[in-house]
Amino acid sequence: MNRQRVQSALLPVVAVLVAFLIGAIVVLADGKSPVRAAEAVIKGSMANRAAIGATLEKATPLILTGLAVIVGMKAGLFNIGAQGQLLLGSIMSAYVGYRLTVLPTVVHLPLALLAGVAFGAVPAFVVGVLKAYRGVHEVIATIMMNTILVNLTDWLAGGPWMQPDQAISKTPPIQASAEIPKVADLPVGFFLAVVMAFVVWFLLSRTTLGFELGTVGANRDAAHYAGMSVKGITVLAMTLSGALAGLGGAIETQGVVGRFEPGFNRGLGFDGITIALLAKVSPRAAIPAALLIGALRASSTQLQSIAQVAPEIVDVILAVALLLVAAPMIIRWALRLRNASGVEGVNLNTGWGS
Amino acid sequence: MVSDRIDHDAAAGGTAELLLEARGITKRFPGVVANADVSLQLHRGEILALLGENGAGKSTLVKMLFGLYRPDEGEIRIKGEPVTLRSPKDAISRGIGMVHQHFQLVPVMTVAENVVLGAEPCRGRFIDQRRAAAEVRKLSERYGLAVDPAATVEDLPVGTQQRVEIIKALFRGAEILILDEPTAVLTPQETDELLQIMRELAARGVGIIFITHKLREVMAVADRVEVLRGGRVVGSAVPSRTDEAGLASMMVGRTVVLRVDKTPAQPGAVMLRVRALQVDDDRHQRAVRGLDLEVRAGEIVGVAGVQGNGQRELVEAICGMRPIRSGTVEVDGRDTTSMNAKAVNGLGVAHIPEDREKHGLVGSYTIADDLVLNRFDEEPFARHGLRDFTAIDKQAEQLVQRFDVRTPSIHTETNALSGGNKQKVIVARELSYDAKLVVAAQPTRGVDVGSIEFIHRQLVAERDRGAAVLVVSAELDEILGLSDRVAVMSEGRIVAMLPIEEADRDRIGLLMAGGA
Ligand SMILES: Nc1ncnc2c1ncn2[C@@H]1O[C@H](COP(=O)(O)OP(=O)(O)OP(=O)(O)O)[C@@H](O)[C@H]1O
Ligand SMILES: [Mg+2]
Numbered sequence: 043m044n045r046q047r048v049q050s051a052l053l054p055v056v057a058v059l060v061a062f063l064i065g066a067i068v069v070l071a072d073g074k075s076p077v078r079a080a081e082a083v084i085k086g087s088m089a090n091r092a093a094i095g096a097t098l099e100k101a102t103p104l105i106l107t108g109l110a111v112i113v114g115m116k117a118g119l120f121n122i123g124a125q126g127q128l129l130l131g132s133i134m135s136a137y138v139g140y141r142l143t144v145l146p147t148v149v150h151l152p153l154a155l156l157a158g159v160a161f162g163a164v165p166a167f168v169v170g171v172l173k174a175y176r177g178v179h180e181v182i183a184t185i186m187m188n189t190i191l192v193n194l195t196d197w198l199a200g201g202p203w204m205q206p207d208q209a210i211s212k213t214p215p216i217q218a219s220a221e222i223p224k225v226a227d228l229p230v231g232f233f234l235a236v237v238m239a240f241v242v243w244f245l246l247s248r249t250t251l252g253f254e255l256g257t258v259g260a261n262r263d264a265a266h267y268a269g270m271s272v273k274g275i276t277v278l279a280m281t282l283s284g285a286l287a288g289l290g291g292a293i294e295t296q297g298v299v300g301r302f303e304p305g306f307n308r309g310l311g312f313d314g315i316t317i318a319l320l321a322k323v324s325p326r327a328a329i330p331a332a333l334l335i336g337a338l339r340a341s342s343t344q345l346q347s348i349a350q351v352a353p354e355i356v357d358v359i360l361a362v363a364l365l366l367v368a369a370p371m372i373i374r375w376a377l378r379l380r381n382a383s384g385v386e387g388v389n390l391n392t393g394w395g396s
Numbered sequence: 299m300v301s302d303r304i305d306h307d308a309a310a311g312g313t314a315e316l317l318l319e320a321r322g323i324t325k326r327f328p329g330v331v332a333n334a335d336v337s338l339q340l341h342r343g344e345i346l347a348l349l350g351e352n353g354a355g356k357s358t359l360v361k362m363l364f365g366l367y368r369p370d371e372g373e374i375r376i377k378g379e380p381v382t383l384r385s386p387k388d389a390i391s392r393g394i395g396m397v398h399q400h401f402q403l404v405p406v407m408t409v410a411e412n413v414v415l416g417a418e419p420c421r422g423r424f425i426d427q428r429r430a431a432a433e434v435r436k437l438s439e440r441y442g443l444a445v446d447p448a449a450t451v452e453d454l455p456v457g458t459q460q461r462v463e464i465i466k467a468l469f470r471g472a473e474i475l476i477l478d479e480p481t482a483v484l485t486p487q488e489t490d491e492l493l494q495i496m497r498e499l500a501a502r503g504v505g506i507i508f509i510t511h512k513l514r515e516v517m518a519v520a521d522r523v524e525v526l527r528g529g530r531v532v533g534s535a536v537p538s539r540t541d542e543a544g545l546a547s548m549m550v551g552r553t554v555v556l557r558v559d560k561t562p563a564q565p566g567a568v569m570l571r572v573r574a575l576q577v578d579d580d581r582h583q584r585a586v587r588g589l590d591l592e593v594r595a596g597e598i599v600g601v602a603g604v605q606g607n608g609q610r611e612l613v614e615a616i617c618g619m620r621p622i623r624s625g626t627v628e629v630d631g632r633d634t635t636s637m638n639a640k641a642v643n644g645l646g647v648a649h650i651p652e653d654r655e656k657h658g659l660v661g662s663y664t665i666a667d668d669l670v671l672n673r674f675d676e677e678p679f680a681r682h683g684l685r686d687f688t689a690i691d692k693q694a695e696q697l698v699q700r701f702d703v704r705t706p707s708i709h710t711e712t713n714a715l716s717g718g719n720k721q722k723v724i725v726a727r728e729l730s731y732d733a734k735l736v737v738a739a740q741p742t743r744g745v746d747v748g749s750i751e752f753i754h755r756q757l758v759a760e761r762d763r764g765a766a767v768l769v770v771s772a773e774l775d776e777i778l779g780l781s782d783r784v785a786v787m788s789e790g791r792i793v794a795m796l797p798i799e800e801a802d803r804d805r806i807g808l809l810m811a812g813g814a
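First to last, the sequence lines map onto chains A and B.
When we follow the working numbering, the leftmost residue of the first sequence carries the number 43, and every step to the right adds one.
When we follow the working numbering, the leftmost residue of the second sequence carries the number 299, and every step to the right adds one.
Same shape as in the complex, but just chain B:
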């Protein structure tokens, strides 16, 4: 199935074969020009990073290259030949593969079955399991994509599932691989592994288009960078000849402060008190196992930990979204252990949820409606059960302005926003009502550097206003940059609580891994 043609001519750079070319691509959506006269080239064995602010048009561009959208103007060429991509199927048949963030895998099937699905080697009427497994093994060995063909997909961690997606694309003969923010949901270690895999693939002649907001990753793997702003290509760079700050300012058009400026915390009364908390996950396994935690007014506590150690369950239990098995949660002296999300929110608890598409937004609602999603029935947005659209719109205009949400209008469907702008809508909503306690899970996931800087400043401002802030993040840099105290979480417990002065990368890394 896999052709050997991608093996030769692996050298990156100017002389390598031109795999993909976009010429003068323009794409308009109602009220926005998402891509304006964009041209780019991808060579064999090259890793091309696409950088740009939220809403710059990166996802739109790669969706056109994968046949999900049709360009309004311009031309796509594959190996010099002009093509019209009507659907992903067209794109796949021309050697283009894309790994979506929401994986297209069947959870109950094995890795091998998933990989061959739709192109199965058959034996009579049944899938030839042995050949499928052999194919998968061959691919995973060749590209260093370690994965067990017989494992069931739902049991695999996110990073491995993503690897299965990549193998799937390669199995279908992909020579061009598109990755749209693949590292957003990976642990740092998984990210390193992915970058390693990308290098391996490129060395073997695959061309990769890689979208990310993390400049460190760009510096680490990209051969070339194209920067988009407002739908246009505003510059190109070679990582070896620039640095993170240079890339950032090229992207945003100004210098970005990558470090959070803040004064020492002035902690007040205990705002959140969690005692001996036990919470189950969706599979009814104990995920939080006797956890104790205190957060005071006027301080930021960061929870560091490898994903899947009970952070999600902890956050949902504090916010009234998940039943508590035993133990207690107190907010500002009130026992909230058995309260629902509405009641907890009513006490002044803001919650930036981890999964924005699932919990944070209703995609078919307007931005204005999503900005009042959990306060729709409070004054001034409603009175006597009637919604007040003047007040709703007024707040939407203000928040869209203040949080720089890039949208043609507050009445645009949230679905139409770029990923980072969706995140900004949620952050804007949750930081709009002077909460006593702010619980922020992955607050800057998918957000561009300029906006990360802004959101961090807002969280610090919440703290300085006197709110207690609990930040859960997979980004150790984010934890270290924001926190006044760092709680290290492992296997459902807080295993260490360190003042920020004593929190260094290595020590936290060791604690996270379960060491002492």
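Here chain A stands alone, though its shape is the one from the complex:
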């Protein structure tokens, strides 16, 4: 029992190590020095307080989008739409942040965060309703939603909400009263994200709601038998997922960028999927997974200046790690999906006798 558990926890660690090894080989093949690349990553992500701050800053939205994807997966939903939800949350928190001018920090800051949470939740809620009551697959719905939201936020930031005296589309900077402060160079938003990871963990593993979510995700028929509202839980899980992604966007706006600027948040939602899988769908494990990716992302300038390595190497490493961890998981997940939808003949191991 225990040995099995240790082994399964070890898998992502081994995968990451192998991924680094392969990354080193790629660097070598490129005629560059892997040692210097490693040096660059260490310098860029943890050598001093500023570097650590940068790592934490990068990790913050990743923890939240990771959690968003995890909540969805627990309920049997694949939320590809964290990206769009994060964008909408991000721009709405920027709007509340710059538009309201006379509020004290204690009101303004949480209000802007709340705007992000709420507007991250809205599109996800729509997807949840479509899934529960109309049978629209959430992957399709969230992909379409992503396109809508990217364009909507682009348009808002380049049109009605654009800062007038600027050439590039972006919103005006948020008021100081909405900014998330830094304490000793360390971004406070990061700690908020960590707290959220524990909140989600608690919710999923200790509450009756978490039990319902997990049951709907693992066996919808059994959830129906047990009298749970499969539709209600589906909508709720999706909404919760969007809210977490929206919070990630809000923290990014209020703690890092200071406004909404199209292009600044690209990829954060998709990294969430990587994190959820690296963390093996465990909320607390999202923290180290996000820190790892955050550290790599934080050192991209150093990679270029110190080791002359293109920062895309980071994506190579992540892709390899993901492949190693996720391939068996995805296969298992896909099989269960197919079983749940009533097509027999996949699982060889069930029967009255077994």
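Don't read these hints as lab results, they were simulated from the structure.
Among the hints, a few may not be true.
[Stated by the list, open to error] Subject to a maximum C-alpha distance of 30 angstroms in a straight line, what follows is the list of computed DSBU-like cross-link-like pairs (lysine-lysine): (1) A:K273 / B:K640; (2) B:K656 / B:K692; (3) B:K656 / A:K322.
Keeping the supplied structure of chain A fixed, place chain B with the ligands upon it in accordance with the hints.
For chain B with the ligands alone, coordinates are given in the frame of chain A:
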């Protein structure tokens, strides 16, 4: 495709060719030794029955013979030659076929297409339909496996689908056939037909390993019996030299009372009242057609009927899992017609569902979690939305003890339990909360004789406590043994309600078939 080599040398017994041999097989799972030093032999033309309590290791053993699991120790030999079976594909290529309870058929394809799937006779790029049909017809004639090659699989009854599986295995050249509890989901008539088919196959030289908990079936077809207990072979027997009681005590290690002991019922107030009920099945066909039924506190009413006459829909409608088209359901005087499963359960209705894998359990949950599956949010298992794991674990320890669920721990995944032990988890959960009405669909399916005896006693105890008990079962023996009154169901209606004194096999059989 089918070789003729299985035709000759059909005689069973000591002189026949040794088809399959297991030597000293050991298989360990975390916390359990599922098979310990198991050896067995299967000869050409022989039907070998594997008997044993739930969790004895029967399924594990045959899964190793079919390449689904790898043994930790020991050797498998096929016709004297040591083999390593890495996957079912290996096993199939060596002439081993297995029929799983959950059939591996494509529902929308025809029988012929299913049979040849993966080994199709082709004509250009297309399946040669005519040759496929001919092959199927040839096989079905040779072994007496009546089935129409052109029929679509999803339209066929369970028993016929199972036959298609057998033909599929034979088509791939199986000389060794493994059947793990094939009769668990069959009607009595389908069971008789299957046993007939097995005899026919054996006469033609196929070796069969047959797992069942029904001793009558063992007596009827087996040439030899191996009994497993705790993962070890504890004895062998020849049916002609023993009887059901002998087999039962060999299995369980004590004498088993095969008859239910109970005092006459003392019926009280009406606990369940169903009036003019109409319910649709999954295909939106009317399955329950104006059904009336009353069950009183302190009595057991058994519903007898050929499967597929609306029993499943009736049970699900009573338990709030299926919308009711018209008519009413009342539980203890409360109208529950439009209530959902949660609300009905809240009124004190326990439900042992027919399909345990689908409805009754979440396989990836621990036993402790599955034991509170439908009461997870009730005290003492939760308070203010927070789950109380101390209370959950405490009840799990008690129930696992009381219902003799064989498991290394209450925190083991339910998936890892043997079939019968999964069933015991559900029964334990549903009989744990002093329900007013107990609705039990196939309560002892897949359960060993010792546990059947136990579950029957528990159901009688529920009755004596004052609960109303409604039992739906495909086993007429179970109905006759348990019930105080027998309701015969046919085409969505109760066609007769007989006091147990007037219920005899023949009369019920006639009523079930739609006669008067
Ligand atoms: N995949 C598994 N992981 C862990 N333990 C398992 C697994 N499969 C079976 N076991 C354990 O091995 C033992 C034997 O199980 P098996 O399914 O072979 O029993 P069985 O004789 O078929 O019982 P039944 O009559 O209930 O079907 C049981 O204790 C069971 O809990
Ligand atoms: Mg079994």
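Structure-based check of each hint:
1. At most 30 angstroms may separate the alpha-carbon atoms for a hinted pair to count; K273 of chain A and K640 of chain B meet this at roughly 14 angstroms.
2. Straight-line distance between C-alpha atoms of K656 of chain B and K692 of chain B comes to about 26 angstroms, which keeps the hinted pair within the 30 angstroms bound.
3. Restraint check: the Cα-Cα separation between K656 of chain B and K322 of chain A comes to about 25 angstroms, which is no more than 30 angstroms; the hinted pair holds.
Against the hints set out earlier in the document, no violation occurs for any number.
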